[in-house]
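Visitor: Order-wise, the sequence lines are chains A and B.
UniProt numbering numbers the first residue of the first sequence as 1 and each following residue consecutively.
UniProt numbering numbers the first residue of the second sequence as 1 and each following residue consecutively.
Please keep in mind that the hints were generated in silico from the structure rather than gathered at the bench.
One thing to keep in mind: the hints can contain errors.
For identical chains, the list gives no copy identity; a pair is met inside one copy or between any two copies.
What the hints assert, rightly or not - Using 16 Å as the maximum straight-line C-alpha spacing, the simulated EDC-like pairs for lysine to aspartate or glutamate come out as follows: (1) Lys-85 to Asp-60; (2) Lys-113 to Asp-88; (3) Lys-85 to Asp-156; (4) Lys-30 to Glu-175; (5) Lys-45 to Asp-108; (6) Lys-113 to Asp-11; (7) Lys-45 to Asp-32; (8) Lys-30 to Asp-108; (9) Lys-30 to Asp-104; (10) Lys-203 to Glu-170; (11) Lys-30 to Asp-100; (12) Lys-85 to Asp-32; (13) Lys-113 to Glu-126; (14) Lys-30 to Asp-182; (15) Lys-45 to Asp-60; (16) Lys-45 to Asp-100; (17) Lys-30 to Glu-129.
Because the structure is a prediction, the values reported are computed rather than measured.
There are 2 protein chains.
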Amino acid sequence: MRIVIARCQVDYAGRLTAHLPLATRVIMVKADGSVLVHSDGGSYKPLNWMSPPCTLTVGDPEPGPDGDGAGTDGVTAVWTVQNDKTDDRLVISLHEILHDSAHDLGVDPGLVKDGVEAHLQVLLAEQVETFGAGWRLVRREYPTPIGPVDLLCRDDQGVAVAVEVKRRGEIDGVEQLTRYLDLLNRDPLLAPVRGVFAAQEIKPQARTLAVDRGITCVTVDYDALRGVDDPTSRLF
Amino acid sequence: MRIVIARCQVDYAGRLTAHLPLATRVIMVKADGSVLVHSDGGSYKPLNWMSPPCTLTVGDPEPGPDGDGAGTDGVTAVWTVQNDKTDDRLVISLHEILHDSAHDLGVDPGLVKDGVEAHLQVLLAEQVETFGAGWRLVRREYPTPIGPVDLLCRDDQGVAVAVEVKRRGEIDGVEQLTRYLDLLNRDPLLAPVRGVFAAQEIKPQARTLAVDRGITCVTVDYDALRGVDDPTSRLF
DNA sequence: TTATCAATCTCGCAA
DNA sequence: TTGCGAGGTTGATAA
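Could you put together the complete structure from these sequences and hints?
Guide: Right, here's the structure in full:
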């Protein structure tokens, strides 16, 4: 890992073209050759970057007229970072280097996560009575030609119900569930199939669309589900 | 901008919980208090981070048994980064600091972009004959109660056509266009309204859905459109 | 390898 | 402020 702080100008050409005027920024060069250009604000996304696999080559600037070693407009070096697979290219024109250091970090053991949608789906599969007394699970990840339905259940009347589980319920999820319902309702062994849209939080627009289509919305409490969860059956 | 390279352990709790075991990493602390934890690989996304607005507080570790100043398990300092608006929290347990420097970067002048979907829409609006001889533009961003239709045209027969423009054509875009068509076809001054789904690249699933709904798919060549573009009418 | 889907998404724009 | 859509999305998982 090399960290350079420099006054620089940056140009990217690839899926779009982008330009950063001359300013002081942090340049991170990772062990795999990838490069990040950060400013002192914004969030985690760099102003500009090159993803691996890529190759960095250091070049001289066009010579300037005053013979002082610096190039045109004060450029002292040009770094070209070329993607190895596409024609994406990042060009960093360095004017003044204020800091330059290299560090051996080793391989990172990586991130351990919890609390994602998959876990919510597992919890609801274990506790389908969340949707109503007498409900039972037919199966989780019920396969269809356009992808698996999160949960297929039968309610207390024995009517089939397709459940779409999201952490946050938005309009896309309702569209997805609608496509599943269209398909499942063509199956005489299942039809009629109702829909349930289950999420920790459901956006008003999504709720309106769902209700308009006869889909039941259920907001679920992750912590409550987790509280009665059998720890031996957890994902993690 | 403060840059620290340290052996550390990182824990995040918020929308999910995540843990990074002890390893050497780069910690960037930006002027607005936001923090990024990077490893020496991956792409531009940090292993862990806290977005602004947030506040960093430096605390002492739980004292260790050997009285050497270091805390339990060799922790020398604990940084807590608390989001000011949510209950998201990042805790960095520092073991050994290998590098620590601060730099004044100033405010960044920001990025200049080109080549996005908006430009594609402008180009197609100028060149609706791309879709067929005799076509004419009624208007760009034709307003409807559920949002503007990218292009509303009349074909050579005078039939109204709603055009949805995407850089990459996926299933969502077809759904969006379908909603517009449902709505526009209720207007007796426009009906019948056909649909055209125009993109640089159209995914097979999206194409299948579109064709199934009687929507015409058109793949457009951005560079070719740009080549005959009048430079004075460009977005940038 | 490719396609599909979620994300602590981020970011910009418009209502 | 909030909602909505795009992104050089990135990242993970299944086919």
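Visitor: Each hint should be assessed against the structure and marked as holding or not.
Guide: Checked hints:
1. Taking identical chains as interchangeable, the C-alpha atoms of Lys-85 and Asp-60 are never at most 16 Å apart, the minima being 25 Å within one chain and 47 Å between chains.
2. Within a single copy, Lys-113 and Asp-88 get their C-alpha atoms only as close as 32 Å, which misses the 16 Å cut-off; across copies the closest is 15 Å, which meets it.
3. Taking identical chains as interchangeable, the C-alpha atoms of Lys-85 and Asp-156 are never at most 16 Å apart, the minima being 56 Å within one chain and 43 Å between chains.
4. For a Cα distance limit of 16 Å, the shortest separation of Lys-30 from Glu-175 qualifies neither inside one copy, at 41 Å, nor across copies, at 40 Å.
5. With identical chains, the CA atoms of Lys-45 and Asp-108 are at most 16 Å apart between copies only, with a shortest distance of 14 Å across copies and 20 Å within one.
6. With identical chains, the CA atoms of Lys-113 and Asp-11 are at most 16 Å apart between copies only, with a shortest distance of 10 Å across copies and 36 Å within one.
7. In this assembly of identical chains, the alpha carbons of Lys-45 and Asp-32 lie at most 16 Å apart only when taken from different copies (14 Å versus 18 Å within one copy).
8. With identical chains, the CA atoms of Lys-30 and Asp-108 are at most 16 Å apart within one copy only, with a shortest distance of 13 Å there and 23 Å across copies.
9. Taking identical chains as interchangeable, the C-alpha atoms of Lys-30 and Asp-104 lie at most 16 Å apart only when both belong to the same chain, with a minimum of 10 Å there against 22 Å between chains.
10. Proximity of Lys-203 and Glu-170 under a CA criterion of 16 Å is satisfied intra-copy only: 6 Å inside one chain copy versus 22 Å between copies.
11. Only within a single protomer do Lys-30 and Asp-100 lie at most 16 Å apart by alpha-carbon distance; the minimum there is 13 Å, versus 18 Å between protomers.
12. In the homo-oligomer, the alpha carbons of Lys-85 and Asp-32 lie at most 16 Å apart inside one protomer (14 Å), although the nearest pairing across protomers, at 36 Å, exceeds that limit.
13. For the homomeric pair Lys-113 and Glu-126, neither the shortest alpha-carbon distance inside one copy (21 Å) nor that between copies (49 Å) is at most 16 Å.
14. Taking the shortest alpha-carbon separations for Lys-30 and Asp-182, neither the intra-copy value of 49 Å nor the inter-copy value of 50 Å comes in at or below 16 Å.
15. In this assembly of identical chains, Lys-45 and Asp-60 lie within 16 Å of each other by CA distance neither inside one copy nor across copies; the values are 29 Å within and 30 Å between.
16. Proximity of Lys-45 and Asp-100 under a CA criterion of 16 Å is satisfied in neither setting, with 22 Å inside one chain copy and 22 Å between copies.
17. Taking the shortest alpha-carbon separations for Lys-30 and Glu-129, neither the intra-copy value of 50 Å nor the inter-copy value of 48 Å comes in at or below 16 Å.
Figure legend: structure checked against the earlier numbered hints; hints not met, in rising order: 1, 3, 4, 13, 14, 15, 16 and 17.
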